[in-house]
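J.: For reference, the chains in residue letters:
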Amino acid sequence: MDRSDKQRIEGIVQRILDDFGDDRAINKTDLCNEPDKTAIIDVIDKLMKILYPGYYSDKLYKIYSLKNNMSVIIEDVIFHLKKQIMIVLRYCKKFPELTDAELEDKAMDITYEFMDKIPQIRDYLETDIQAAFDGDPAAGSKDEVILSYPGLYAISVYRMAHELCLLDVPMIPRIMTEHAHSVTGIDIHPGATIGKYFFIDHGTGIVIGETTIIGEHVKIYQGVTLGGLSTQGGQKLKGAKRHPTIGDNVTIYSGASILGGETIIEDNVVVGGNTFITNSVEKDTRVTAKKQELQYKNN
Amino acid sequence: MDRSDKQRIEGIVQRILDDFGDDRAINKTDLCNEPDKTAIIDVIDKLMKILYPGYYSDKLYKIYSLKNNMSVIIEDVIFHLKKQIMIVLRYCKKFPELTDAELEDKAMDITYEFMDKIPQIRDYLETDIQAAFDGDPAAGSKDEVILSYPGLYAISVYRMAHELCLLDVPMIPRIMTEHAHSVTGIDIHPGATIGKYFFIDHGTGIVIGETTIIGEHVKIYQGVTLGGLSTQGGQKLKGAKRHPTIGDNVTIYSGASILGGETIIEDNVVVGGNTFITNSVEKDTRVTAKKQELQYKNN
Amino acid sequence: MDRSDKQRIEGIVQRILDDFGDDRAINKTDLCNEPDKTAIIDVIDKLMKILYPGYYSDKLYKIYSLKNNMSVIIEDVIFHLKKQIMIVLRYCKKFPELTDAELEDKAMDITYEFMDKIPQIRDYLETDIQAAFDGDPAAGSKDEVILSYPGLYAISVYRMAHELCLLDVPMIPRIMTEHAHSVTGIDIHPGATIGKYFFIDHGTGIVIGETTIIGEHVKIYQGVTLGGLSTQGGQKLKGAKRHPTIGDNVTIYSGASILGGETIIEDNVVVGGNTFITNSVEKDTRVTAKKQELQYKNN
Numbered sequence: 001m002d003r004s005d006k007q008r009i010e011g012i013v014q015r016i017l018d019d020f021g022d023d024r025a026i027n028k029t030d031l032c033n034e035p036d037k038t039a040i041i042d043v044i045d046k047l048m049k050i051l052y053p054g055y056y057s058d059k060l061y062k063i064y065s066l067k068n069n070m071s072v073i074i075e076d077v078i079f080h081l082k083k084q085i086m087i088v089l090r091y092c093k094k095f096p097e098l099t100d101a102e103l104e105d106k107a108m109d110i111t112y113e114f115m116d117k118i119p120q121i122r123d124y125l126e127t128d129i130q131a132a133f134d135g136d137p138a139a140g141s142k143d144e145v146i147l148s149y150p151g152l153y154a155i156s157v158y159r160m161a162h163e164l165c166l167l168d169v170p171m172i173p174r175i176m177t178e179h180a181h182s183v184t185g186i187d188i189h190p191g192a193t194i195g196k197y198f199f200i201d202h203g204t205g206i207v208i209g210e211t212t213i214i215g216e217h218v219k220i221y222q223g224v225t226l227g228g229l230s231t232q233g234g235q236k237l238k239g240a241k242r243h244p245t246i247g248d249n250v251t252i253y254s255g256a257s258i259l260g261g262e263t264i265i266e267d268n269v270v271v272g273g274n275t276f277i278t279n280s281v282e283k284d285t286r287v288t289a290k291k292q293e294l295q296y297k298n299n
Numbered sequence: 001m002d003r004s005d006k007q008r009i010e011g012i013v014q015r016i017l018d019d020f021g022d023d024r025a026i027n028k029t030d031l032c033n034e035p036d037k038t039a040i041i042d043v044i045d046k047l048m049k050i051l052y053p054g055y056y057s058d059k060l061y062k063i064y065s066l067k068n069n070m071s072v073i074i075e076d077v078i079f080h081l082k083k084q085i086m087i088v089l090r091y092c093k094k095f096p097e098l099t100d101a102e103l104e105d106k107a108m109d110i111t112y113e114f115m116d117k118i119p120q121i122r123d124y125l126e127t128d129i130q131a132a133f134d135g136d137p138a139a140g141s142k143d144e145v146i147l148s149y150p151g152l153y154a155i156s157v158y159r160m161a162h163e164l165c166l167l168d169v170p171m172i173p174r175i176m177t178e179h180a181h182s183v184t185g186i187d188i189h190p191g192a193t194i195g196k197y198f199f200i201d202h203g204t205g206i207v208i209g210e211t212t213i214i215g216e217h218v219k220i221y222q223g224v225t226l227g228g229l230s231t232q233g234g235q236k237l238k239g240a241k242r243h244p245t246i247g248d249n250v251t252i253y254s255g256a257s258i259l260g261g262e263t264i265i266e267d268n269v270v271v272g273g274n275t276f277i278t279n280s281v282e283k284d285t286r287v288t289a290k291k292q293e294l295q296y297k298n299n
Numbered sequence: 001m002d003r004s005d006k007q008r009i010e011g012i013v014q015r016i017l018d019d020f021g022d023d024r025a026i027n028k029t030d031l032c033n034e035p036d037k038t039a040i041i042d043v044i045d046k047l048m049k050i051l052y053p054g055y056y057s058d059k060l061y062k063i064y065s066l067k068n069n070m071s072v073i074i075e076d077v078i079f080h081l082k083k084q085i086m087i088v089l090r091y092c093k094k095f096p097e098l099t100d101a102e103l104e105d106k107a108m109d110i111t112y113e114f115m116d117k118i119p120q121i122r123d124y125l126e127t128d129i130q131a132a133f134d135g136d137p138a139a140g141s142k143d144e145v146i147l148s149y150p151g152l153y154a155i156s157v158y159r160m161a162h163e164l165c166l167l168d169v170p171m172i173p174r175i176m177t178e179h180a181h182s183v184t185g186i187d188i189h190p191g192a193t194i195g196k197y198f199f200i201d202h203g204t205g206i207v208i209g210e211t212t213i214i215g216e217h218v219k220i221y222q223g224v225t226l227g228g229l230s231t232q233g234g235q236k237l238k239g240a241k242r243h244p245t246i247g248d249n250v251t252i253y254s255g256a257s258i259l260g261g262e263t264i265i266e267d268n269v270v271v272g273g274n275t276f277i278t279n280s281v282e283k284d285t286r287v288t289a290k291k292q293e294l295q296y297k298n299n
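Sequences listed follow chains A, B and C, in order.
Reading the first sequence from the start, the letters are residues 1 to 299 in my numbering.
Reading the second sequence from the start, the letters are residues 1 to 299 in my numbering.
Reading the third sequence from the start, the letters are residues 1 to 299 in my numbering.
Treat identical chains as interchangeable: a pair holds within one or across any two.
Once the Cα atoms are required to be at most 30 Å apart in a straight line, the calculated DSBU-like pairs of lysine-lysine come out as:
hint, residue 1, residue 2
1, Lys-94, Lys-238
2, Lys-6, Lys-49
3, Lys-196, Lys-142
4, Lys-46, Lys-142
5, Lys-196, Lys-297
6, Lys-67, Lys-117
7, Lys-196, Lys-67
8, Lys-83, Lys-238
9, Lys-94, Lys-142
10, Lys-117, Lys-6
11, Lys-241, Lys-142
Worth flagging that the hints you see were computed from the coordinates, not collected in a lab.
With the hints as constraints, model all of the structure from the sequences given.
T.: Right under this line is the structure:
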């Protein structure tokens, strides 16, 4: 590298560093106090090994050492998750009155409470696996569902993130479900409430909004939106019920949009593909779009 | 970590381990005998290097050593693929009468048969590259297609997985295409049959079901579903022709849904965007949705 | 491995190597002269650390060493980006009259020009962050937007790739945006022109074509296509304006398709969900699909 290159690079570095100076959102450089996305994704990967001990394993150990290995993984998750929770609690000023030591205790308690929810999360996931196998003629076995269905992955991450939401942890739940969104194309907000036996088939393009409530035995296909009617209100709408309520035994075929916080889809409803629904639907109903008029021309 | 922390962690570990006790699907812990998703994804990555020697290479070797390098990669693929095939054959009890040694021979034979299909797979992919370049005005060159088009990646993985399907290998083909689905948003079931010169543009949200049959020179855009009419039958529908048949020279624009096992789209048909098609379409036809009535309001 | 295995593997290797012989596109083996996708993705990751110094950091260093660390990352990006630009310039024969040394100088100049655009790119991204926070009631904070919104990631990569497009760099911009497409399901062609305060919510399935022009304060939801009317012309359409023009303060709800190079959506327009638009829309208009007729049957 000759001298002029050195000067040009120095100039570039200086101009970029200068650009970090003011207090725009993009400029945060308080590095040690930010949640760490990579650490959170690593926690997700390890939690998957706890949820599905035989599937997401490292295959390096034998069955007799399962207990030792699980202990190591669980301790590791507790350590890292607690650290990230501590960071976001401080960062979001959830408990401004607490000292750092007290905040760490708080983070520890939340982490323990979360870890104690794992058997219950696994109870729910067992029903989701059953629903996928029962609902999809292409499913060769439940193992195939666990090993290859993106819907089950998205639901697994959602069910964990949702528990952290209920424990009032900021930021981390959304980072978790957005990681699953990236892997699967399925975007479930961690704030949504979803019952047992939930089956997502194919799944790409699904959006389930923050205040959605979904009952049991619900089946959803690719491209379905359970969303808000309008977001013109922006931040003023925060906290309002903006997304629909879905009853039990509801099937929603691909491309359907169900919008609005007052829209209720009652039990045993079948929602046809590509429908656009902004009003409630009574129970035991099959709602479909009027047969689309097609035009045929000789090419 | 103080004593009460130690006790709480031990309690959590014990409760999670207790939860692994019963015989639910989620509890499989027979670690050594499960197919290994990570190993299968590694095989996919290496197979891509064999399919596209100049593109997915490690860039570490010179052209004169291509032969040696390819030999190493091919042997590696054979070793790991055989191992995974052996595991799934035993796991799915495909040949309960065979000893482990005989099962290993069987897995070896299947692996050899698959590897001998590679030149034919590459023949097909060369036509897919041609179709992408010819069909997309935004394609700068065939190299750009190979290096950056997600559709070609999804088709490449599908074409390999489909050959494993034809060789009656369980689970692995689906794990392969679901990996491609995660990378691209394009969900092609490995059981589908797809002819030469197949072009997927953009691709996110595409679903191509298990019993779909697609001819040659077919072009499909993002959000297209080639799917089933209903899955209310669940596992009872296994094996039935549930997905459509598409002829030669057919173009299907974005967001179209073509559903049902008896639906046949004949040669030279153009299917317009956002159509919902559950009946067959005769050859040389352009079928479009009737012009959507739009409403304009002053804001 | 016994002798017959050895022979079979040798046969397979030979048949695959023989298959590399002819001059099909798939057979390129000029390894050293191909752009390297892995290197380009690594450059993207490092550029994200420069764009968002506090978020995509390695968390290993303290604030006082920010300058040193940034210098290292910036030099690293310059070195690798220059190398890849040099490769694609030679590969695509952009300057056949230049010697390799002159081509390297050319690549260096382009790299410097690109790096000097970073403060301007960050100016734009700051407005995009603001737009996401203001536009989404579910956004907890701007940090959450930066750490978890896929739309912002896709826009960040697009804004960098677009600058490389303007500097006439072939192949690399598309490889960059296709990487973002894989991560987010959002497909923005690097040739598109997009103004400040751009907000993508959810995003999966969005396609924004090469010749699209988008104004300021535009908001786009999942599944929106800004595309061409037909690609029957294939390569003959290269360079033509095939994709729409969108004014300022436009909101486009999920699933809308706006198609055609002469289609202009003027300022302050709201485009309703699932609309299919192939004609221009005048300013201050809300355009929606006529209420879809739904059919209700007792199940």
